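Based on these hints, arrange chain B on the given structure of chain A.
Which chain is which? The protein sequence lines are A and B, in order. Numbered according to our numbering, the first sequence spans residues 510 to 907. Numbered according to our numbering, the second sequence spans residues 510 to 907.
Quick caveat, the hints were computed from the structure, so don't treat them as lab data. It is possible that part of the hints are untrue.
Using C-beta positions, here's what the derived DEER-type ranges look like [as the list claims (entries may be wrong)]: (1) H761/B <-> K710/A: 36 to 42 Å; (2) N655/A <-> D743/B: 47 to 53 Å; (3) S577/B <-> E634/A: 52 to 58 Å.
Under the rule of at most 20 Å between Cα atoms (straight-line distance), these lysine to aspartate or glutamate pairs were calculated in the EDC-like manner [claimed, not checked]: (4) K871/B <-> D768/A; (5) K852/B <-> D768/A; (6) K882/B <-> E764/A.
Fair warning: this is a prediction, and the values are worked out from it, not measured in the lab. Glycine included, C-beta positions come from ideal geometry on N, C-alpha and C.
Protein chains: 2
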Amino acid sequence: MRASFDINLIVAALKKVIPGDRIPVALHEPCFGGNEWRYLKDCLGSTYVSYVGAYVTRFEQMLADFTSVKKAVAVVNGTAALHIALKLCGVEPGDEVLVPALTFVATANAVTYCGAVPHFVDSEERTLGLDPEKMKDYLRDIAVINAFGSINRLTGRRIKAVIPMHAFGHPVDIDPLLDICREYNIEMIEDAAESLGSYYKGRHTGNWGKLSILSFNGNKTITTGGGGAILTNDERLGGLAKHLTSTAKIPHAWEYRHDQIGYNYRLPNVNAALGCAQMEQLPKFIARKRRLASLYQLAFQGMEGVTVFAEQPFAKSNYWLNALLIAESISDMRDDILAITNKNGIMTRPAWTLMNELAIFKDCPAMDLGVAKSISRRLVNIPSSAVLGEEEGEDDAA
Amino acid sequence: MRASFDINLIVAALKKVIPGDRIPVALHEPCFGGNEWRYLKDCLGSTYVSYVGAYVTRFEQMLADFTSVKKAVAVVNGTAALHIALKLCGVEPGDEVLVPALTFVATANAVTYCGAVPHFVDSEERTLGLDPEKMKDYLRDIAVINAFGSINRLTGRRIKAVIPMHAFGHPVDIDPLLDICREYNIEMIEDAAESLGSYYKGRHTGNWGKLSILSFNGNKTITTGGGGAILTNDERLGGLAKHLTSTAKIPHAWEYRHDQIGYNYRLPNVNAALGCAQMEQLPKFIARKRRLASLYQLAFQGMEGVTVFAEQPFAKSNYWLNALLIAESISDMRDDILAITNKNGIMTRPAWTLMNELAIFKDCPAMDLGVAKSISRRLVNIPSSAVLGEEEGEDDAA
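So here's chain A without its partners, still in its complex pose (with noise of 0.2 Å):
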């Protein structure tokens, strides 16, 4: 099969959909059209920089009107947000919290920092998220429910949650993972780093967890330099997660008393200051990029073994990330795909590890993990900017 397919097809596809005067290109850029500059005029002028301001309090609201969430957290960053979820769902040291393999390696760290052990599910290629029927047959094989929740009875321990990840900004089939949830009293965090602006059902992913987690990252939809937030429907659990954020301290005038062991994990304003500018143009960034995907769907259009990854009826997706899947009959030339075309100056990337494949967890629980192989053999990352999907004599103020 290797020589039957020619890896200019796909070169030439891309450079159809990305403006010649734009090549090299990253896989994802910022975009700082905006108010940024002038929040961080005003920020820096007032001197409140640091964890006290306006910004920070603005850009809560900000996330949680857009999401629809009661109450969201900033915080410094989503690994940080993926931790302190994890504390308020009551994740034990000893407890194991089901990840999906195919992620990127911070939902799997926030579990060991909680002393908890990540327990590796698989994904279904129409998400690339976790799948719930796989993991409700497994779960029927290994798990018994008891007075505490559900133990796994291979190890012992209790399988306190599970973190369906949102990968490349697609939602994952959470109606029946809820089902699941509730039968075997497990706790839910969705993974939402990668899908702000994406909706399942008509509503934006992060409403169905018990808490669930957003990312700024340079790379993301929207950036706050370094950031995340947890969001939650549960007012106490959110008053929770800004305490525990917030170094747990009681507040005083002048003293200093802490209730709990806290963290330092709040955003400062000045990183909030970015974040309000960004939220800002989020419908904008988001209309660009899911512009962008269509262009990529007509770019590729009947070329054999390739497909461009899309949405599903029951999502709307951010694209946080476009995706090629290659025919597993190709797949061995993956590795030259990501060769070529970053050679050509098309940044491209292929999907993470697999966590199970790590030598850090390779001694952690897993069911079978064959679609997550099979994904990640297969996916290649492509540019996915916002600013690629501009239009022409796109009303900029839209």
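Coordinates of chain B only, in the frame set by chain A:
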């Protein structure tokens, strides 16, 4: 005694130093009079606001140059820096770490993040920091040296490390402490969060610890919004600190491989840009802060029952936060002093609640803490922003 002290004397002395147009005054305000705006603008223009970018490298080099350490690693805050420093010193779950009871909660929290137990030690009044002589006598009583290091024979746990914290910028007496560390095979980490610009016997604080840490919170001598750094003279450990704080990712053009449980503790480039501009002004800030300290000395000269804390002959302090020490005989007036000064628009604050007095740490081992308790009853921090030490007609470009 109570009736014999007039709190208005303190208010009057403070007002003698603080310009009338400066009331209300905060305890420590940042000053953005340099290249802050220029560098922020440049950073935004480059679009490199996140974890890749020239300002991080430049900021790290400026820190290393200023403190004369071999390697500085910029991180998200001082707490994160302490966590990684402890890990790299080999602190393991179940170990004990000697920590002054008189410190900010982050010092003790970071120990718990490693699964270790803070073990509280006393301070001495001449430095406000850890008392090496008293700690030596204590270790003679409780520590047994064996092949694994020093074992606390009361708890059976290994005493792996000690964290001298240079309180309010004043250097701990390091040399005798180093002797003890050698004798008992205990690693030293300097918590220099408050002592950027402070020297011990002519050398910058942070040079003696196996690793040391700095903080750049909004209330510190320089600020990056939120930020911190790990310092070390061991280049191998410096490299490991960078690796561990950057998700332990192995460098590769597109592959995602992580060889350890890592952390997302990197300082964003946008915060580092702020840091570079602040570092350029650090010598000026220190000069102003030291001038302010001498103005306070003058204003309180001869006031019975109140002394302004002054550096030891072996120390050159940044006087991060100036401190009044009131006589034991009037210590029951401390809260009145706090209330009346704050009511007069002059922010003052007591020392932190002693760590062993927080419910979260009350079961941790502790030596006799008589001096820390006395300092904690008698100390009042007074406004210490660099701008308050500005000399009329001072060359602003200095």
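Each hint, compared with the structure:
Here the CB-CB span from H761/B to K710/A is close to 38 Å, well matched to the stated 36 to 42 Å. Evaluation of the 47 to 53 Å hint for N655/A and D743/B yields a pass: the beta carbon distance comes to about 50 Å. A beta carbon spacing of about 56 Å between S577/B and E634/A agrees with the range 52 to 58 Å that was offered as a hint. Proposed proximity of K871/B and D768/A is supported: the alpha carbons are some 11 Å apart, at most 20 Å.
Simply put, K852/B and D768/A have alpha-carbon atoms about 27 Å apart, too far for the 20 Å limit, and the pair is violated. A distance of roughly 15 Å separates the Cα atoms of K882/B and E764/A; the hinted pair therefore holds under the 20 Å criterion.
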